[in-house]
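K.L.:
Spelled out, the chains give:
Number of protein chains: 2
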Amino acid sequence: MVNWHDKFAERTTYMKRSTIREILKLTQMPDVISFAGGLPAPELFPLERVREAFRAVVEHYGPQALQYSTTEGINELRDWVAARMSRSGLTITRENVLIVSGAQQAIDLVGRVLLDDGDLLALENPTYLGMLLAWRPYNLRYAVIPTDRDGLLVDRLDKALIRRPKLMYLVPNFQNPQGVTLSWERREQLVECLAEYGAVVIEDNPYGELRYSGSDIPSLYEFDASFRGSHSLDGHVIYAGTFSKILAPGLRLGWVVAPTAVIDKLVQAKQSADLQSGTFAQYLAYEVCRDGFIEGHIERLRAVYRRRRDLMLAAMDRHFPEEARWSRPEGGLFLMVSLPEFMDTSELLKEAIRHRVAFVPGQDFHVEGGYNTFRLNFSNAQPDMIEEGIRRLGQLLKEQVRQPV
Amino acid sequence: MVNWHDKFAERTTYMKRSTIREILKLTQMPDVISFAGGLPAPELFPLERVREAFRAVVEHYGPQALQYSTTEGINELRDWVAARMSRSGLTITRENVLIVSGAQQAIDLVGRVLLDDGDLLALENPTYLGMLLAWRPYNLRYAVIPTDRDGLLVDRLDKALIRRPKLMYLVPNFQNPQGVTLSWERREQLVECLAEYGAVVIEDNPYGELRYSGSDIPSLYEFDASFRGSHSLDGHVIYAGTFSKILAPGLRLGWVVAPTAVIDKLVQAKQSADLQSGTFAQYLAYEVCRDGFIEGHIERLRAVYRRRRDLMLAAMDRHFPEEARWSRPEGGLFLMVSLPEFMDTSELLKEAIRHRVAFVPGQDFHVEGGYNTFRLNFSNAQPDMIEEGIRRLGQLLKEQVRQPV
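In the order they appear, the protein sequences are chains A and B.
All letters in the first sequence, in the order written, are residues 8 to 412 by my numbering.
All letters in the second sequence, in the order written, are residues 8 to 412 by my numbering.
Keep in mind that a hint or two might mislead.
Treat identical chains as interchangeable: a pair holds within one or across any two.
[To be verified] In silico DSS-like links for lysine-lysine, alpha-carbon gap of 30 Å or less:
#: 1; residue 1: Lys-32; residue 2: Lys-357
#: 2; residue 1: Lys-166; residue 2: Lys-14
#: 3; residue 1: Lys-405; residue 2: Lys-357
#: 4; residue 1: Lys-173; residue 2: Lys-23
If you're looking for bench data, these hints aren't it; they were derived computationally from the structure.
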């Protein structure tokens, strides 16, 4: 018998499973109303369009759709992404685009090509759990930038950037877990700071197209190009996008848009990681999205998710105690609740599951603090479940804020 | 402007693109007959069955096939793999199976959970290029085991294992690039050595089901269990399989079968790498393979590839000079040619492309030597192209072995 535990690499001591996935197991009892996941609503997947797209793929591409293709991705999809992300005065070309296996792979590959052991990472607190987990093996140091309802506090940026972080990680739109969005003014200030310090950022934007109120704000890569007066993508920003939230996560497709020098390195890393993303899935996604279908589909998603967000916020207003505070996101899938500081939401979750309702405790999204926060998802629950789940949770909160666990 | 090259992590200096992918670009001129790639024959992809499977997926699983699923893979496919890899007296269960995005990802994930910087790797010379490239960033040391026509020379194993390598990497069946297969007797000796030294091996088996002559030989994981008298998978072997060669590479699906302690770590690494492999592709592969379809399909592949192998070997016998030596593989996609030691096949390739024929020079498959070897693929070319391509190559070789470049 081999003792495999003696064989594992040192970095595995920094690996751990996502607590969210563990919580999801707890919440799969049928009578638990779960706001814990981050799933899109499956009833909105465009199955009929997928059927048509399948026929088109088989007819137009035939066996080629099942064969190996290039690491960079199929040209049809790269061109489609490039055109969609180009702006008046800012031309993005196929050479700026790498198709990846979901935005999680973008994070993994960016880590591989940019992060050395012990590097300094600038980041919002709280931030995306999947990034924190993926980069744990690099044993990073953190330059933590606090946030408020307009996203990260840009006036604290100098303090972080003067330490010369290797990379900054940001989710500027409807951030997971808080749902907050970085304001127009702060984006302008941010790209100025990037230029001043020669700093670089990964703009992770899975939710940006799911806006339900307020006005769209350009992406960081646009602000960056505009500030530098550049018409091509040669700046400080690596952008990560995904088909998971606008089409379907089960295809495992996303994209990176970045300067060609970065794409070149990412391609080398991806070749070692999985050779390429699925050829078939890429043709299928292209045939689903083309000719404007995806734009109409996103409108339908927005209408449904907007209603669910509004229902959840209205139910929270009715049922939650005044001691609770929460974000009111203009888009995305999540909002975050803050409780009085004596509360520990990991303990609260156990009570909540006894009340047949679930959320994700906030601690794991935080590099410091956050014990008294939790995340709610509003995209995946049916309207009547939202009302009932928030009612149960509100009842529990009212008991607990007055009589601690 | 950012100088990204100042930002890249140190490990990127060890990354490089696969030279094969660069050569493939050279060989895409339509009048070049290429034996350089490693592609399955696209005309054999079971498109009609894929169509039926698609309908079944949409009908039986609906939106679930487009949703997130578990990192481990869908239960249907894990159970199918487990049943297929179980043997009389050796039960493999779902918990031993991780679905991955092609066998290349298996190599990547195994590296992440087992390899520390500077570790010693035991390996055949020559070996799979994609492994060498993927693991370059670990800056490994090599314990090189030479091979002959029966695979690695097991009597040289002690010399390697006494140095306590962290891991051994082997392709026991129809190895890429040589096409050689490790004999029954040597497998027996190998698992004895593994037990004696407490050593572990990754058995990479992409080609094992594509046998055209001779008798099947059990896998290393079977020999290992048998030697230890074990009825479950708790031994020295991590097995990597793939749907790329028996079904279609464009789905990007493979599997790892390993002791549960190893699967557990691989799941953590995969969660960070890409969350999971494509849900849709997994259901599709399951619906294609089930009910014995894939076994009949593999028979069809064998019949066609057997003929192509025989054609290539017969043409080589006719056209190649006596100074050339080559392997006569019993399966797989490749064979390897050795030329007199003064020949440099990288130089020869330039001449070959002028003669409108292409191969892969052997050097990059070798951790030492191999300048005078090259690899030929026989699965991807039509029969008439095989005859003509080998004729051209033979003519060139006859010129060159007598009159060096």
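K.L.:
Look at each hint and say if it fits the structure.
P.N.:
Against the structure, the hints come out as follows:
1. Lys-32 to Lys-357: within (13 Å within a copy, 58 Å between copies)
2. Lys-166 to Lys-14: Close across copies (20 Å), not inside one copy (41 Å); limit 30 Å.
3. Lys-405 to Lys-357: Answer is within: at 16 Å inside a copy they meet the 30 Å cutoff, but 78 Å across does not.
4. Lys-173 to Lys-23: Classified as both: same-chain Cα gap 24 Å, cross-chain 22 Å, threshold 30 Å.
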